[in-house]
Amino acid sequence: NAGVTQTPKFRVLKTGQSMTLLCAQDMNHEYMYWYRQDPGMGLRLIHYSVGEGTTAKGEVPDGYNVSRLKKQNFLLGLESAAPSQTSVYFCASSERYEQYFGPGTRLTVT
Amino acid sequence: AQTVTQSQPEMSVQEAETVTLSCTYDTSENNYYLFWYKQPPSRQMILVIRQEAYKQQNATENRFSVNFQKAAKSFSLKISDSQLGDTAMYFCAFMNRGPIQGAQKLVFGQGTRLTINP
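Sequence order for the protein chains is A and B.
Heads up: the first sequence begins at 1 in the numbering used here, then just goes up one per residue.
Heads up: the second sequence begins at 1 in the numbering used here, then just goes up one per residue.
Calculated directly from the structure, the hints in this document are not laboratory data.
One should not assume that every hint holds.
[Unchecked claim] Only pairs whose alpha carbons sit at most 20 angstroms apart, straight line, appear in this in silico EDC-like list of lysine to aspartate or glutamate:
1) K78/B x E61/B
2) K9/A x D38/A
3) K105/B x E52/A
4) K78/B x E17/B
5) K57/A x D26/A
6) K105/B x E98/A
7) K70/A x D26/A
8) K105/B x D26/B
9) K78/B x E52/B
10) K55/B x E98/A
11) K73/B x E17/B
12) K73/B x E52/A
13) K73/B x E52/B
14) K105/B x E79/A
15) K71/A x E30/A
16) K71/A x E98/A
17) K105/B x E30/A
18) K105/B x E52/B
19) K14/A x E52/A
20) K70/B x E52/B
21) K70/B x E17/B
22) K105/B x D62/A
23) K70/A x E30/A
24) K105/B x E59/A
All of these numbers come straight from a predicted model, not from anything done at the bench.
Could you put the whole structure together from the sequences, leaning on the hints where they help?
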């Protein structure tokens, strides 16, 4: 039982490049979330999903897209990376009120 | 929209001392959850304690306890007999207790960096 895993753990991109972050959970949770964490700030919600095939915008969705084609996976995409997207990205899943977090992905955009 | 404020960016205490971290929140909702998360240098987010707003009794988990003041919208975390392993960022978070079929979105405070000194 791995819980919530994220791939990759680190990544460096050049401005304008694209990439996809993968989140996988093996707890059969309905709800999944993507957050970003910037220095001096708490986690902020980017997008979330209430089930397979559904996604919704969170607090800071601009510049990101998501997809939930399978219940266990939640993908976060950056189509054209910008330096402002340098951050640590966390995925989480939940069935009710307790969210289980992945280990995070540190993304640097130069 | 809900907001969560942690007014102490950093705190430092000696091992075995008791420390209290402050958190205030703003909401017009009556039914909600409050959480404290710990983030050690490993970056992993770890749930420390949870409080349900409809419960008057303060939650406790071993050395961790909260002081929940609903009218004042205050939710502080007390760590007793602090240990070196308690060194971490601590985040206060709010969650609306919405419909079961809805996603349960967390709103986080800015965090308090706690250092336990030997």
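Each hint tested on the structure:
no.	hint	verdict
1	K78/B x E61/B	holds, 10 angstroms
2	K9/A x D38/A	holds, 16 angstroms
3	K105/B x E52/A	holds, 17 angstroms
4	K78/B x E17/B	holds, 11 angstroms
5	K57/A x D26/A	violated, 24 angstroms
6	K105/B x E98/A	holds, 10 angstroms
7	K70/A x D26/A	holds, 12 angstroms
8	K105/B x D26/B	holds, 15 angstroms
9	K78/B x E52/B	holds, 17 angstroms
10	K55/B x E98/A	holds, 17 angstroms
11	K73/B x E17/B	violated, 26 angstroms
12	K73/B x E52/A	violated, 36 angstroms
13	K73/B x E52/B	holds, 13 angstroms
14	K105/B x E79/A	violated, 25 angstroms
15	K71/A x E30/A	holds, 7 angstroms
16	K71/A x E98/A	holds, 18 angstroms
17	K105/B x E30/A	holds, 13 angstroms
18	K105/B x E52/B	holds, 15 angstroms
19	K14/A x E52/A	violated, 32 angstroms
20	K70/B x E52/B	holds, 10 angstroms
21	K70/B x E17/B	violated, 27 angstroms
22	K105/B x D62/A	holds, 18 angstroms
23	K70/A x E30/A	holds, 11 angstroms
24	K105/B x E59/A	holds, 10 angstroms
Violation of the numbered hints given earlier is confined to hints 5, 11, 12, 14, 19 and 21; the remaining hints are satisfied by the structure.
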